[in-house]
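Chemist: For chain B, the structure is supplied; the task is to place chain C on it using the hints.
These protein sequence lines are chains B and C, in that order.
Residue numbers for the first sequence follow my numbering, beginning at 6 and rising by one.
Residue numbers for the second sequence follow my numbering, beginning at 1102 and rising by one.
Don't take each hint at face value.
In silico contact screen, one side only, chain B against chain C (beta carbon under 8 Å); selected entries [said to hold, decoys possible]:
#1 Gln-12
#2 Trp-13
#3 Tyr-15
#4 Ala-19
#5 Val-31
#6 Gly-32
#7 Ser-34
#8 Gly-37
#9 Met-38
#10 Glu-42
#11 Arg-44
#12 Arg-45
#13 Val-48
#14 Arg-49
Everything labelled a hint here was simulated from the structure, so no lab data went into it.
Note that the Cβ used here is the ideal one computed from N, Cα and C, for glycine as well.
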Amino acid sequence: MREGLQQWDYVLAAVAIGVIGTLLLVGWSLVGMARAERRRDKVRGK
Amino acid sequence: MVPTIALAPASGKWQSARDWRRGSPGEGFDLPAPMHGFANPARFLRMARWLMPLLLVSGLLLSLGAVLYGMLVVPPDRLMGETVRILYIHVPAAWLGMAGWSTIAIASLVELVWRHPLAAIAGRAAAVPGAMFTAICLITGSIWARPTWGTWWVWDGRLTSYLVLLFLYFGYIALSGAAQRDMVSGSGGNRITAIFGLVGAINIPIINRSVVWWNSLHQPPSITAGKSSIDGTFLWPLLIAALGFSLIFGGVVLARMRMLLADIQAEARLRRKALA
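Next comes chain C alone, as it looks inside the complex:
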C-alpha cells in the first residue's frame, strides 16, 4: 500500500525495480518486459545525465532559430498581417500544455496498473512545465486575440476549456506536493494524485474538439492527422519550433525527475540516520 516507502531500499542503493516495489506486496501487475529496463532509477539517472543536456541544447537552438526565422523571414499573412508570427510561440505552447497533461495521464495509468517506480516521479516532473506552457499559451493567445478579434478574452469553448486545464495543473501540483509530504506516513497520496491525473485527462479531448462542437471566435483545427490548411511557408518553421519546444520540454522533465529523485534519496538517507 505504501509504494513510496520502497523508494528507500534498505541497502541504500537501488539495484533493481524490486527495491522500489518491496513494501507493496500483492498490489499492481508485473511490469511488461520492455518497461523493466526503465524501472531501475540508477539506470535512469545514468541515461538522464547525458540525455538531458542534449535535449535542452538542441531544443533551445531549434526553437530559437524557428522563432527568429518566423520573426525575420516569414512574410506577413494576408488576413492576420504581422501578428501571424505569434504562431511560433502560441501553437507549440498549446501543444505542450496538452502534451504535459497527456504525460501525466499516461504516467498515472502506469503507476496505478503496474506500479512502475518512476511513473509518479515522471508525472510530477511534467506538471510544472505543462502548467508553464499552458500559461504561455493563454497569455500569448490573449495578446494575439486583441488585434485579431478586437478583444483580449471571450468565454468560448476553446479558451475556457484551456483555462480549466491551467487550474487542473494547479490542483495536480498542490496534490502531488501534499502526497510527497505525506510520503513517510504512507497515506496513499500518490494513488489519489494518479487518479486525479487520469480523471483530468477528460479535458484533453474537450479542448481538442471544442472548436468543432461549439461556435467560437477561435479558428477550427488547421493541422489534423496528415493534413494541414497552413501554407508551407508558415508550416515548416512552425513544425521546427514545435519540435524545438518539445525537446526543451523533455529536457526540463528529465531535470525535474533528477531533482525529485535526489530529494527522495536525501530524505531516505536522513530518515535512516535518524532511526539509527
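With the rest of the complex left out, here is chain B:
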C-alpha cells in the first residue's frame, strides 16, 4: 500500500511539471506575441 502511495507522488510530480511547463510555454508565447504586435502597431502609428 505504501509503495502505491509513493508511486503516486512520482506521478503527480511528473504531471505537474508537464502541465505547468506547457502552460508556461503557451502563456509566454502569447504574451510575447501580443507585446510584439502592440509595439509594431505603435511604431506604425496605428
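Modeler: Positioned in the frame of chain B, the structure of chain C alone reads:
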C-alpha cells in the same frame, strides 16, 4: 547575400515573396510552385490569426482530457504499477523534442536551398517549444526512472543523446538570437544558423536508434511503423495526448512566428524612420 534586409520592403508592405528575396539576387533556387502560397508573410499572418487559437484550444482540450483519463481511468500496469501514468506526459514530450529539431532541420534546408522567406522564422519559432518539451521529457523521465530503475539518471545512449539534444537547442537559440541582432549588418548569421540546424539533425536518428545500438536501461521502441507493443488500454489515450500536445506545439510555433514577424516589421519601420 543579405536575405534578411529584404524583410523590410521599400514600400513598407509585403506584396509577395519577391519583396523578401530582393537584395539577394542570384542566390538560391526558385521556390517550388506549392510553396509560393506560403511565401507571402501577409498571407501567412491572415492564416495564422485564425489557425493559432484553433490549434491551441483544441490541443489544450485534447491533451488535458487524455492526461486526466490516464490519471483517473487507466488501470495500473502489471510491472510499472501506477507510474505508467507518466507515459502520457513523457512520451508526447519526447516525440515533440525530436519533432522540434526535425522542424528546424527542414526549415534550415528550405532556407538554404530555396531561400523561403518564412523558413528562418519558422526554424527560430520551433526552437523554444522544442527545447521546453525536451526539458520536460528529461525531467519527467528522470522522475519515472527513480521508482522504476532505482536511479534518477544513467549515462546510457538514450538519455545522453537526449541531453545532447537539449544542449543543441540552447546553441541554436543563442546562434539565432545573435543572427537576429546582426540582421542589419548582414553578416550571414541566418545561413550559419541554418547550417547548424541541419548538422544538429544527425542527433535525431542517434536518439531513435540508441536503445537498439547500445545496452540501455531504457526500454526498446514500443511503437514502430504500424506496430505497437503497448496494450490498447494504454495506447489510445497516449495517441490522443500526443495529438493534443502536437497541436499545442503547432499553435505555439505560429504564435512565436507572429511575434518574430512583428519584431522584424517594427525594426524595419524604425530603421526607415531613422534614415528619413
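Chemist: Hint by hint, say whether it matches the structure.
Modeler: Evaluation of the provided hints:
The closest approach between the C-beta of Gln-12 (chain B) and any C-beta of chain C is roughly 4 Å, which is under the 8 Å cut-off, so the hint is satisfied. With 8 Å as the threshold, the beta carbon of Trp-13 (chain B) comes within range of chain C, its nearest partner Cβ sitting at about 6 Å, so the hint holds. Evaluation of the Tyr-15 (chain B) hint against chain C yields a held restraint, the C-beta minimum of about 5 Å falling below 8 Å. For the restraint placing Ala-19 (chain B) at the interface with chain C, the shortest Cβ-Cβ distance is roughly 4 Å, inside the 8 Å limit, so the hint holds.
Below 8 Å, beta-carbon pairs count as interface contacts, and Val-31 (chain B) has one with chain C at about 6 Å; its hint therefore holds. Checking Gly-32 (chain B) against chain C by beta carbon gives a least distance of about 10 Å; that is not within 8 Å, so the hint is violated. With 8 Å as the threshold, the beta carbon of Ser-34 (chain B) comes within range of chain C, its nearest partner Cβ sitting at about 4 Å, so the hint holds. Residue-level restraint check for Gly-37 (chain B) holds (minimum Cβ-Cβ distance to chain C is 5 Å; threshold 8 Å).
Hint status for Met-38 (chain B): holds, given a least beta-carbon distance of 4 Å to chain C, under 8 Å. Among the interface hints, the one on Glu-42 (chain B) holds; its C-beta lies about 5 Å from the nearest C-beta in chain C, closer than the 8 Å criterion. Because the beta carbon of Arg-44 (chain B) sits about 5 Å from the nearest beta carbon in chain C, less than 8 Å, this interface hint is met. A hinted interface residue such as Arg-45 (chain B) counts as satisfied when its beta carbon comes closer than 8 Å to some beta carbon of chain C; here the least separation is about 4 Å, so the hint holds.
The restraint placing Val-48 (chain B) at the interface with chain C holds, with a minimum CB-CB distance near 5 Å, inside the 8 Å limit. The beta carbon of Arg-49 (chain B) is positioned within 8 Å of a beta carbon in chain C (closest approach about 6 Å), and the interface hint is therefore held.
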